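J.: These are the residues of each chain, in order.
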Amino acid sequence: AQSVSQHNHHVILSEAASLELGCNYSYGGTVNLFWYVQYPGQHLQLLLKYFSGDPLVKGIKGFEAEFIKSKFSFNLRKPSVQWSDTAEYFCAVNSPLRAGSYQLTFGKGTKLSVIP
Amino acid sequence: GAGVSQSPSNKVTEKGKDVELRCDPISGHTALYWYRQRLGQGLEFLIYFQGNSAPDKSGLPSDRFSAERTGESVSTLTIQRTQQEDSAVYLCASGPRAPNGFEQYFGPGTRLTVT
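Residue numbers (our numbering), protein chains in the order written: chain A, 598 to 713; chain B, 13 to 127.
Hints in this document: simulated from the structure, not taken from any laboratory.
No experiment lies behind these values; they were computed from the predicted model shown.
The C-beta atom is built at its ideal place from N, Cα and C for all residues, glycine as well.
Hints should not be assumed to be uniformly reliable.
Claimed, not checked - Rough simulated footprint, nothing fancy, chain B against chain A, three-plus residues with beta-carbon under 8 Å:
(1) 633 to 643
(2) 700 to 709
To be verified - Footprint (simulated), chain A over chain B, 3 or more residues, beta carbon under 8 Å:
(3) 88 to 97
(4) 117 to 127
Full structure from sequences and hints, please.
T.: So, in structure tokens, the structure goes:
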């Protein structure tokens, strides 16, 4: 079965620090990878996605992620975090459904707290 | 434009009661998904609709769970004889028709508390 691992449960950073959140997946086939963000009191929003092509993907709000196929990884990065980045971050990978479509398999999430 | 909406936003129910959760997808999205998010856990896939058929129900945790969808619009998730372990946030997502249905747009969720 498909699985997604996010190694950090809670990350605490000061403003302007650099961020890297780890994500590893188990699916060996062609993958589509996503990072979602959930700000306090809000619903899940797509941060960035990888379908094909350049393995370095740029998303909204200065976030980027790098797909490293050999490591089954899709780590999220941001050079300088802001207090407003405080949120929970979920990595997800497509998993095939019987119907020929896909569901998303999510990691357990990483809570990021940015201290002003 | 309008996003995915879900109702109610919060539901508190007594153990053993039935509950019905509603999802209104983005207009034109033929794919609809239900997920469950338990406290401290990632999202758990429940069921997928393409149009009004549910070709994959593999994620439903028990026969107390069922879901329907009217055409390519509203969907309802019904939980019968609720148990305390059903307490979670239930999220609905919609997306374009497969195979381009990789992108899923999430609603705000319904927080279900079973007492």
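J.: Give a verdict on every hint.
T.: Now the hints, each set against the structure:
1. 633 to 643: holds (count 6)
2. 700 to 709: holds (count 7)
3. 88 to 97: As far as the segment 88 to 97 of chain B goes, the hint is violated, because 0 residues have Cβ atoms under 8 Å from chain A.
4. 117 to 127: holds (count 5)
Going through the hint list in order, the structure does not satisfy hint 3, though it satisfies all others.
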